[in-house]
Structure formats: structure tokens, C-alpha cells
Amino acid sequence: MPKLNWFYFAAPNTFYPLAGKMVPWFAVAAAVFAAIGLYIGFFVAPTDFQQGEGYRIIFVHVPAAWMSMFLYVVMAFWAAVGLAFNTRLSSMMAQAIAPTGALMTFLALWTGSLWGKPMWGTWWVWDARLTSELILLFLYIGFMALQASIDDPRRADRAGAVLAIVGVINVPIIYFSVQWWNTLHQGASVSLTRSPSMATTMLWGMLVMALAAWMYSIAVVLVRVRAIILERERNADWVRDLKAKGATK
Amino acid sequence: MKWESAVQFFAMGGYAVYVWGSYAAAVAVVVVETLLARARLARALAAAPAPETPAE
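Residue numbers (the working numbering), protein chains in the order written: chain V, 33 to 281; chain W, 38 to 93.
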């Protein structure tokens, strides 16, 4: 290995084995955090005085919703880097993040719906928070569909990047929707500027579950980006060398 | 322990359908996505051309 520099791992052939080594660590971290988070969420956190046990959906709903927004920003960031500097791995990262982001968005909507029914009396309402989160799902799906529809990967990267970058505007809209509009969805329970409006154990359960969602997302995105690297670089010498060494994973 | 029995735990104070419906979806997403990503990687590796055998 040459002298340590960050660009060393920016090449697909060096990142591929590194990602492979990282996956198990993030997967184990995800499992450990999920076990701790679920224990706190179901056995330590008290019953809510208004929502009874129904509020326990929060431990999956909020982490999924946070990840859905955060992953979009990360996806758009890598897409933009790929567009600006023509770096292959950046665009592959963006492509690898999209399905996980879409699934997190789906989970946020699904669990929100199951939470809304008993508490608000409706599965769905066209309120600003819910609508903008649904638009986020469409942005992810649009990004994937656009990339899938263009045969040339580099052109697909550029087209996808433009869509991803323009769509970033939706993320602050989701986040601030509960302040800007009169929504049925409650405001943020956690913010940087004031103390959280919830019991400490509830907050801890939520934060640990958010960490689990982070670790899981990193692990699964790394697996997917390895697949994408191989799909795109299958004719490269280093892939042949990999096969020659009998690599099966 | 805040729960008096397993039945009480699974009943979730009458919100069982909503709470377990949420967690079931999360588990399903994690399991299915993991399997699909791993299958895609295995497929990509298998599809990559094998090195040419040296000429004899």
C-alpha cells in the first residue's frame, strides 16, 4: 500500500476488498444496537400517559424517518461528487444508497400509517409532513428508474445526479414542514436547541435504534456497492485476478 | 419488569396490531433487503469472466 491517502480507497479495486472487510463489523454493530434499543424500547421505557403502549412504534418510526432523509442527502452528495469530478466510485455509492433510502422511506410511511390510525383516526392524511415524505419516496424511485432506463452507466450517473441534486430541496421541506404548515403530524420531539419533550428512557431507546439503523444501512449499502463495482468493472484486470484467486465473497 | 405476563406484552395495551405490524414490516425489510443485496453480490461475482487459462 502506498503512503496513506484518502484517494487510495477511492478506486473501485481498492475499495472492494476494504468494503468486504467492513461489512461484518457494521452488521454486528447493527445487531447489538438493535438488541439494546429494543430492550430499552419494550422493557425499560415507560407507558406513555396519552398514547399508552401504542407510542412504542416510535422506536422504529423515527429512526426510519431520519435515515430516509439522511440517506437522501448522502446519496445526492455522492451523485454530485461523481458529476463534478467524474469519480466512478462516487456514482456507484449513490446508486447503492438509493434502494436502502427508498426502503427506509417506505418504513417511515408504513409505521406512520399504523401509528396514525389509532392516534389520529386515519391511516393517511394529505398533510405537509406526510405528503413531502411520500414525495421523497417518489424521488428515490424516480432516481432508480431513471438510472435503470439508461444503458450507458456514465450517462445514467449524470442524469441520476441531476435528479438527486434537484430533489435535495425536498429534505428541508420535510424537516421543517411541521413548523411551516399547520400539520396533523406533531413537531420534532428532539432538537438541538431545546431539551427533548420526552422521557429520558424513551429518548435513549430512540437514539440507540437510530444508531442501529445507521449501522444496518452502512452494512447493506456496502454489500450493494460491492455488487455494483463488480457489475460495472467485470472486465477489469483486478476482477480477473480476484476470480483467479478463487474469491467467492 | 414492567410487563406482568407475556400475554400482556403481546397485547401492547390494545395496540398489538399497530405496534407489531410496524415491527414486522421493519424485520421483513431488513431480512429481504439483506438477502437481495447478498444475492446480487454473489450473482455479480459469478457473472464476472473467469481468468483465461494459460495456453498449453
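The reader is advised that the hints may include incorrect statements.
What the hints assert, rightly or not - To list a few chain W residues with every Cβ distance to chain V over 10 Å, as calculated:
| no. | residue |
| --- | --- |
| 1 | Ser42 |
| 2 | Ala43 |
| 3 | Val44 |
| 4 | Glu70 |
Claimed, not checked - Ranges between beta-carbon positions, derived for each pair:
| no. | chain 1 | residue 1 | chain 2 | residue 2 | range |
| --- | --- | --- | --- | --- | --- |
| 5 | V | Ala63 | W | Ala53 | 21 to 29 Å |
| 6 | V | Ile167 | W | Phe47 | 13 to 21 Å |
| 7 | V | Val198 | W | Ala87 | 39 to 47 Å |
| 8 | V | Asn214 | W | Phe47 | 33 to 41 Å |
| 9 | W | Ala61 | V | Gln82 | 18 to 26 Å |
| 10 | W | Ala79 | V | Pro204 | 55 to 63 Å |
| 11 | W | Arg80 | V | Gln82 | 48 to 56 Å |
| 12 | V | Asp183 | W | Phe46 | 49 to 57 Å |
| 13 | V | Val105 | W | Arg80 | 24 to 32 Å |
| 14 | W | Lys39 | V | Ser221 | 45 to 53 Å |
| 15 | V | Met230 | W | Ala53 | 20 to 28 Å |
Stated by the list, open to error - If we take Cβ atoms under 10 Å as the criterion, some of the chain V residues that face chain W in the derived model are:
| no. | residue |
| --- | --- |
| 16 | Ala62 |
| 17 | Pro131 |
| 18 | Ile250 |
| 19 | Val252 |
| 20 | Arg256 |
No lab work stands behind these hints, which were simulated from the structure alone. Because the structure is a prediction, the values reported are computed rather than measured. By construction, the Cβ of each residue, glycine as well, lies at the ideal position given by its N, Cα and C atoms.
For which of the previously enumerated hints does the structure constitute a violation, in increasing order of number? When the structure is compared with the hints, numbers 4, 6, 10, 14, 18 turn out to be violated.
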